[in-house]
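Asker: Next come the chains, spelled out residue by residue.
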Amino acid sequence: MRAVRESGAVPNAPYLLEIKNARKEFPGVVALDDVSLQLRRGTVHALMGENGAGKSTLMKIIAGIYVPDSGTVTLRGVPIRLKSPLDALENGIAMIHQELNLMPFMSVAENIWIRREPLTRFGFVDHRQLNRQTEELFTRLNIDIDPEVQVSTLSVASRQMVEIAKAVSYDSDVLIMDEPTSALTETEVAHLFAIIRDLRSQGIGIIYITHKMNELFEIADEFSVFRDGRYIGTHLSTDVTRDEIIRMMVGREITQLFPKEVVPIGEVVLSVKDLALNGVFSDITFDVRAGEILGIAGLVGSGRSNVAETIFGVTPASSGTISINGQPVDISSPTVAIQHGMAFITEDRKETGCLLSLDIQENMQLAVLQDNYTRFGFVTQNKLSAVCEEMSQKLRVKTPSLDERVENLSGGNQQKVLIGRWLLTNPKILILDEPTRGIDVGAKAEIHKLVTQLARQGVAVIMISSELPEVLGMSDRIMVMHHGRATGILDRAEADQVKIMDLAAR
Amino acid sequence: ETVGVSMAAFDDNFLTVLRNGMQDYAGTLDGVELQVEDAQGDVSKQMSQIQNFIASGVDAIIINAVDTDATAPMSQLAADAGIPLVYVNRQPVNLDTLPEKQAFVASNEVDSGTLETKEVCRLLTEAGKTEASIVVMMGELSNQAARQRTQDVHDVLATPECSFIKISEEQTANWSRQQGADLVTNWLSAGIAFDAVVANNDEMAIGAIQALKAAGIAMDAVIVGGVDATQDALAAMAAGDLDVTVFQNAAGQGSGALDAALALARGETVEREVWIPFELVTPANLADYQSKN
Amino acid sequence: MTTTSESLAPPRVRRRKLPTELSILLVLVGIALTFELLGWIFVGQSFLMNQQRLTIMILQVSVVGIIAVGVTQVIITGGIDLSSGSVVGMTAMIAASFAQSADWARPVYPALVGLPVFIPLVVGLAIGTLAGVINGSLISYTKIPPFIATLGMMVSARGVAKWYTKGQPVSGLTPEFNFIGFGIWPVVIFLGVALIFHIALRYTRYGKFTYAIGANPQAARVSGINIEKHLIKVYAIAGMLAGLAGLVTAARAQTAQAGMGVMYELDAIAAAVIGGTSLAGGQGRITGTVIGTIILGTMTSGFTFLRIDAYYQEIIKGMIIVAAVVADQYRQRKRKKV
Amino acid sequence: MTTTSESLAPPRVRRRKLPTELSILLVLVGIALTFELLGWIFVGQSFLMNQQRLTIMILQVSVVGIIAVGVTQVIITGGIDLSSGSVVGMTAMIAASFAQSADWARPVYPALVGLPVFIPLVVGLAIGTLAGVINGSLISYTKIPPFIATLGMMVSARGVAKWYTKGQPVSGLTPEFNFIGFGIWPVVIFLGVALIFHIALRYTRYGKFTYAIGANPQAARVSGINIEKHLIKVYAIAGMLAGLAGLVTAARAQTAQAGMGVMYELDAIAAAVIGGTSLAGGQGRITGTVIGTIILGTMTSGFTFLRIDAYYQEIIKGMIIVAAVVADQYRQRKRKKV
Ligand SMILES: Nc1ncnc2c1ncn2[C@@H]1O[C@H](COP(=O)(O)OP(=O)(O)OP(=O)(O)O)[C@@H](O)[C@H]1O
Ligand SMILES: Nc1ncnc2c1ncn2[C@@H]1O[C@H](COP(=O)(O)OP(=O)(O)OP(=O)(O)O)[C@@H](O)[C@H]1O
Ligand SMILES: [Mg+2]
Ligand SMILES: [Mg+2]
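Chains as they are written, first to last, in the working numbering: chain V, 1 to 506; chain D, 1001 to 1293; chain R, 2001 to 2338; chain L, 3001 to 3338.
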C-alpha cells in the first residue's frame, strides 16, 4: 500500500516530505496552528521549540498517529492521508518516539521485528533467523546488546538504542527522531550521530527533535523553529548563532545557561561511606555539604541511578552507612528519606514519576501531603492550590489549567511538574537524576537558576546528568562512576570533559 | 388477574417442571397472566422481587422460597400490601403463624429421603446383606432440602431394621451430575467400597451411575437411589441403572399453588396447608410415571 | 507571546469541568425514561410516579451498593476484591449467631441469646474488617495479585459460612437487630456510607494516596507513601463494608444463610465500572458508583414492571450493561491519544 | 566523544534462564507430595500410585482447562473473559439440541433427531466463536473495558441457555456425540488444545502480537499492529474454546443443562493466574496454565482421598490457592526495581 493518492497531482518533488497548513486541536489546547514544514532527501532537519510547542504533535501526524484537523501531507510529491501508524510505516515513514515504546516482557529481537518476523516454510516464526538478523543489524549499527534478553532488564539508555535500531530497521525514507538522545550519554550520542550521518548519505530524510543546542550545530543541516503551536521559521544551521535560535524559540533573551554561583559551602549534610548494593555497585564513599552541588557523571549503566535510589531508600543498601548531619541513619524506604529532608527526582518520569491519569495539582502535591497540608486527615485544598499554582508559574508549566491531566502534557512539561513536586517539600538534600531531560533551553536555565538558589539557601544537591556541559557547569565537585564503582572525584577547578571521559571509561 | 411468581432458581430441573406445570396450567385459564421471576438462589433478590410485584400491583403472589427461614418478612410485606401469598414446594418457617390470605402447597420433604432410604434398605435386606455400607451424596449444603433429605437418611438408618447399614462417606456434589460423577470417581480411586449410593437428587445419582460404569463396575452390584423422578432418571431406571427414585408431583404442586392463589385473590377461603404426597418409584411401577414429570 | 520578555505562562483559567459522572447520570435518566415511555405504551402506567417502586429500585441494590463503595476504593488502587460476596455470607452467619432472641427454639449459642444489639453489629464489622486486613496483608506483603488473594478469601469465606452451622440458617433474630434492615434503612445506610467515602476520597489524604497508588504505585512509593500500609487500610475498609452489607442482608431477611451474597462481588464491580471507575486504577468516583448501582436496580424493577419474561430478562440485562457503558464511553470519548 | 566503537552496554552474560513454569511445577509437586505423605499417615495408602486417581485428577478439570487455554490468551492481551462459563452452558444447550437421538421421547426439534455428529460439533464451535467475536468487537470498536463486555455476555449467554428450552435439560444424546466426553477423551482434548495454542503463542506471529498487545498496546500500535483485528481473533478463539468445553461437558454428562459451567470462568482465570499469567497482560504461558489447572484437580482429589469434611474443603481450598501463588512468587522473586 504505497502512497495513497488524494489527487491526480503529478509527482514532481523538490521535497521528500511536505506538510502544509497543519492544524491540530486538543480539548482546550491548540497544539498546532497553520504549520508547514519541508524535508529534503539526504538532510537532517532539526525541529526546535519550547516544551509544548507542538513538535511531537506534528511528528505524530506524519507518523499516522494523529489525524490533523486540517492541512495536507505530501510524500514524494504525492498527497497522502495517513490513518494509522501502519499506513505511515508502509509508506516509508518510521519514528522514534519521545517516550520509550517497547514491549517490556519480550526480547530485544522480538521488539525490533514485531510484525515483520522471519517465518519458516511452515509459517512459524524463525527464531534463529530472527536473532541472526538482529545481530546483523546491531553489527551494522555497532550496538552491543544481546538480542535475546528481555527488554525489561535493559537500562533506559540501552532501550533507547533498541528503539533507534528498530526505527532504522524499517529502511524507511523518512526517519523521525523525537528527542532520541535525552537518555543517552555523550558516547552513545556520538555513536548515534555516526549512524545518522550514514543514513543521510544514503539519501534518507531525517527529522530530528532536540533541546540540546550543540547537537543542532553538529548534526542538523537546517532547522525549523516552533513556538506555541505556530511555525516561526526555517534556517540553515550554519547561518545562525545559538543566541539567535534561542530568541526565535522563546521570544526573549536567555542570559546564562549554567548560572553557577559561588556560595558559601557549609557543614557536611550527607555522608555516604562504603555504600554497596549486592551485585550492582560497591565502595561508594562521598560527602555533600550544605550549599554544595555534587555532580555524578559516568557512562550509561555505570550505576549512577542505582546509587541515588539506594540513598533515597528505594532499594535499601546491602552494606555501608549513610549519615545525615553526622548521625548515621537507616534509610529503609523513601518515607524515611523524606522524613530526613531528602527529595529525589527520578530519571524515568513515566515509570517512577508521573501519575498519568491524575491532574497536575494531584501530581505536584503528592510529596507534601504527608505533613504540612493536612488537618485531621483532610487536605487543605486552597492552600495547596495556591502553592501549586505558584510553583507551576515559576517553572513555566505550559497548560491551560492545573486540572489538566498530566498525560496530556508535553514531555518537558511533565518533567517540570515532577520538579515542582519535590521543590514543594523544601528539601535539605536534593537528588536530581537527569533533571533536565527533555527540557527546553528556557526552562533548563530556569531549573538551573532554581538549583543554584537552593544551594545558596544551604541545600545539599546531588545531580546526576549525562550531559557533560551541565555537570561541568553546575557542580562544585564531580564524582565519576564506572561499572558500579566510583573511579574518582574531581574538583570544579580541575574537571574537564577529557578527564571525566577518562575516568568514566576506566 | 396477574399473579407474580418468584422461583428460587430457574436452572434446577425439578423446579423447572414445577414452573412449567404452573405456566401450562395458567395457559388453560382465561385472563390469568403469570409474571415469573428467577431469584437465582438469593434471598434478598427474592424479597426485592416481592416488593417489585407489590409496586406493580399484582393480584396474588406465589413464592418458592430460597430460604425457608426468611419467609416471615415476606409474609409481612404481602400482608401489609393486602396481597394474597402462596408458598409452594418449600415449607415456610412461619407456617403456623401465616397471616390471613396466605397458604402453603407442597410435598413433605421428610418423606422424600425417607422413602428413598427405606427402599434402598429393603433392597439391601432382600439381597441378603447383614452388613452394608453406603455413600451419601448431598445437595448444596446451604439448601434446606439437601439437609432434610440427608437427615432422613440418618433417621432411617437409626431404625433397628436398617441399622446394619453404615454410612462410609458423605459429601456434597452440589446437586450436579458432573460433580457427582467426579466425586464417585474420587471415592473409587480412594478404594472406598460401598453397596449403595444414596443421592439427594437424581442428577447426582446419574452422575454416580456414569462414574461407576466408567470404572467398569456392574450396575447390579450397586444400588443407586435418587429423588425427583426426572425424565433422565426414569430413562436410567428403564435401562436398569437406577434402582430407586421418588416422584414429587411438581406439576401438581404448581397447579395447586396457582389454584390457591387465584382463590385467595377472589376472596375465597383456602386451606392453609395443601399436601401433595411423594410417591416411591421403582422399576415395578416405572411405567406409571414415564409420562408425568 | 510576541514581544514581552517577562511573559510567564498564559493566565490560567480554572475550568470547572463537568464532572464525568454527568454522562453516566444521563444514561441512567435515559434508561428510566425509556421504561417510563414503554410503561405508558404497554402497561398503561407510569414507571416513575410510584413511590413504592422508587423505593424498591434503590432498596434492592443497597446491599450491593454498600459493597460497591468499598470495591470502588479497591479498584481505584488498581486492585480488585472478589471476596466481598462471600464475606457478606460469612459475616451474616456469624453476626446473626450473636443476635438470636431468647425465645428462639434452636439458637447457635444457647448461652448467648438476647444480647444487646451492638454486639452482633461489632462482631459483623470486625469479621469483615479482619477478612479485609487478611486480603490487604497478603497483597502487600506477599506481593501476590489481588485477584488471587481475594479469590482465596472468596472460596475460604464461603467455606466458613457453610461450616459455621453446617449449613443451617441462623434465624430468630432480635427485633433490634432486624431493625437495621427494616423499611428504607438499607437505603439510608448505603447513601450514608457513600457520602462518607465520597468525602474521604476527595478531600482527605487517605483519598489522595488511594488515587496515587492506583495511578502509579512506583511513583507513589518514591514520593514517600507507605503503599503496603495504605493498601491494608483500603482492603480493610472494603472488608468492613462487606461486613456491614452482611449485617444489613441478614437483618433484611431476618435470617442468615450460608448462600447469602453469592455473586454480589460481580454486581458490585459492575456497578463501579459502569459508574466510570477504571479497572486499570487511578480513576473512579463514589458518585459514579452510586449511579451505577441505581442503574442495576432500575433495570430489575423496570423488567418486572414491563412484565418481561424472566428468560429474556437476563439476556436483556447483559445487553443493557454493555449498552450503558458504551453510551457513557461514547459521550466521554475524547480524542484518543495513542 | 572520543572514540566511536566503544562498547555500550555492560558485557553480556548469556544467561539461559530456567523457564518460569518450573517454579509453579515445583508447587504442584509439593502439593502432590504433601497429599502422598498425609495419605500414608492418615489413610495408609499412596495418593499418586493409583492409575484411576491420576486420571480423574486431570479429567475433572479438563473442561476448565480447555476454557483456561483460551482465557490465558485473553489475559495475555491484558483483557479478561468472564463469559466463558456461561458460554459453556449456552453452547451445551444449543449443540445438544442437535445431537438428540431418534429414540428419545421428547426431543427439542422432533424433525432434527439422529443427525450426524459433526452437526452439533460445528454448531457448538460456531456459537462459541460467535460469542467471542461479539466480545472482541465490543472491546475493539466501542472501547469498553473487557470486564464489562464479557460481563454482559456472561449474563446474556446464561439467559440464552435458560431461555432456549425454558430451563428443561436436553437429554437423550447420540452415542457418537457422547463419545467425545467418554473415558479420557476430555483429557486428550484438553492437552491437544493446550499443545496447539502453546505452539501458536510461542512460534507464530499470532502469538507475538498477542504478547505485544498485552505488554504495551501503544508500542504494538505504533509498530503497525492492527490491535482491533487481533483482539477480535483472540476473543474469538477464547469463545471457540469455551464452545468446545460446552460440547465436552454435555457429552461427558450425556445431557445439557442451563446451569452448566457456572463459575467455571473463575476457575479458569485462577488456573491461568496460578500458572503465572499476569493479569496486567504481556506475560503468561500455556504450560503454566496447564499446571495451574492440574493443581486445582489435585486439590479436589486430595481432599476426597484424605476424607476431609466437606465443610472444611472450601476453607482449605481457598488457602491452598493463595499459598500456591505465594510459594511461586517467593521462588521467583527477583530483585525488585522500583
Ligand atoms: N493528547 C493530548 N491531549 C491534550 N493536549 C495535548 C495532547 N497531546 C499534546 N497536547 C498538548 O499539545 C501541546 C503540544 O504538545 P507536544 O507534545 O507536541 O509538545 P512538544 O513540542 O513535543 O514538547 P516537548 O519538547 O516538551 O516534548 C502541549 O500544550 C500539550 O499539552
Ligand atoms: N534492580 C536491578 N537489579 C539488577 N540490576 C540492575 C537493577 N537496576 C539496575 N541494574 C543494572 O545496574 C546497572 C546500573 O544501572 P543504572 O540505571 O544505575 O545506571 P546509570 O549509570 O544511571 O545509567 P542510565 O543512564 O542508564 O540511568 C545497569 O547495568 C542496570 O541494568
Ligand atoms: Mg515532544
Ligand atoms: Mg541513570
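A hint or two may mislead.
[Claimed, not checked] Within a straight-line C-alpha distance of at most 27 Å, the following computed DSS-like cross-link-like pairs (lysine-lysine) qualify:
#, chain 1, residue 1, chain 2, residue 2
1, V, K449, V, K428
2, L, K3317, D, K1292
3, D, K1118, R, K2233
4, R, K2166, D, K1166
5, L, K3166, V, K83
6, R, K2229, R, K2143
7, L, K3317, R, K2233
8, L, K3166, D, K1045
9, R, K2229, V, K350
10, V, K449, V, K350
11, L, K3233, V, K83
12, R, K2317, L, K3143
Simulated from the structure, these hints should not be mistaken for lab results.
Asker: Taking the hints in turn, state whether each one holds.
Answerer: Quick rundown of the hints versus the structure:
Taking the CA atoms of K449(V) and K428(V), the gap is about 17 Å. The hint holds against a cut of 27 Å. Among the hinted pairs, K3317(L) with K1292(D) is inconsistent with the structure: their alpha-carbon atoms are about 41 Å apart, more than 27 Å. This hinted pair does not check out: K1118(D) and K2233(R) have alpha carbons roughly 56 Å apart, beyond 27 Å. A distance of roughly 21 Å separates the Cα atoms of K2166(R) and K1166(D); the hinted pair therefore holds under the 27 Å criterion.
This hinted pair does not check out: K3166(L) and K83(V) have alpha carbons roughly 48 Å apart, beyond 27 Å. With a C-alpha separation of about 13 Å, the suggested pair K2229(R) and K2143(R) falls inside the 27 Å cut-off, and the hint holds. Annotation: proposed proximity of K3317(L) to K2233(R) holds, straight-line Cα distance about 26 Å (limit 27 Å). Annotation: proposed proximity of K3166(L) to K1045(D) holds, straight-line Cα distance about 21 Å (limit 27 Å).
Straight-line distance between C-alpha atoms of K2229(R) and K350(V) comes to about 24 Å, which keeps the hinted pair within the 27 Å bound. With a C-alpha separation of about 25 Å, the suggested pair K449(V) and K350(V) falls inside the 27 Å cut-off, and the hint holds. Taken as a hint, the K3233(L) and K83(V) pair is honoured in the structure, with Cα atoms around 22 Å apart against an allowance of 27 Å. Restraint check for K2317(R) and K3143(L): the C-alpha separation of about 20 Å stays at or below 27 Å, so the hint holds.
The earlier numbered hints that this structure contradicts are 2, 3, 5.
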